[in-house]
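For the sequence shown, the residue numbers in the numbering used here are 115 to 230.
By construction, these hints were calculated from the structure, which means they are not laboratory data.
Positions of the beta carbon are idealized from the N, C-alpha and C atoms, including for glycine.
Incorrect hints may appear among the rest.
Claimed, not checked - Restraint ranges, calculated between C-beta atoms of paired labels, are given here:
1. S189 <-> W155: 15 to 25 angstroms
2. D136 <-> P157: 34 to 44 angstroms
3. E165 <-> V204: 29 to 39 angstroms
4. P140 <-> L160: 16 to 26 angstroms
5. N166 <-> E137: 12 to 22 angstroms
6. P161 <-> P140: 29 to 39 angstroms
7. H158 <-> E178: 14 to 24 angstroms
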Amino acid sequence: MAGISLSQLARAAENRSWLMPDEGAPHTATWMAFGASAEIWEPHLLPIVQENLALVAKTIAAFEPVHMLVREEDSELAARLCGPSVNLLVHPIDDLWIHRAGICKKHQQRARRCGI
């Protein structure tokens, strides 16, 4: 079994038709999460982190669409801090690091897409 798995992995590594673009590659929108929590950031830092998240989102939104996931209980605060230029989507989240917890998109030269 191990030989079969290794050969399949080797073939997958040789198949370069799928690409996960770099964070700096051209894209159609930015995804963020308004998910800072007091358990991680401590109560005295939480408002500062939330304000900074909103500032980053508003700054990016001046150049491209920004979609931001937000917990239901934080949605009013996020709307007030982010303003109308950021598209807020209520969804369960546990932190702001969407890069580690969100979907990463891959695409193939023949315009096929998948998420991992």
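So, going through the hints one by one against the coordinates:
Range check, S189 to W155: Cβ separation about 19 angstroms, and the 15 to 25 angstroms hint holds. Checked against the given bound of 34 to 44 angstroms, the beta carbons of D136 and P157, roughly 36 angstroms apart, stay inside it. Take E165 and V204: their Cβ atoms lie about 20 angstroms apart, and the range 29 to 39 angstroms is violated. For P140 and L160, the hinted distance range of 16 to 26 angstroms is not satisfied, since their beta carbons lie about 34 angstroms from each other.
Under the hint 12 to 22 angstroms, the C-beta atoms of N166 and E137, about 19 angstroms apart, fit the expected range. For the hinted restraint 29 to 39 angstroms between P161 and P140, the CB-CB distance of approximately 34 angstroms keeps it satisfied. Restraint check, H158 to E178: a C-beta distance of roughly 33 angstroms breaks the suggested window 14 to 24 angstroms.
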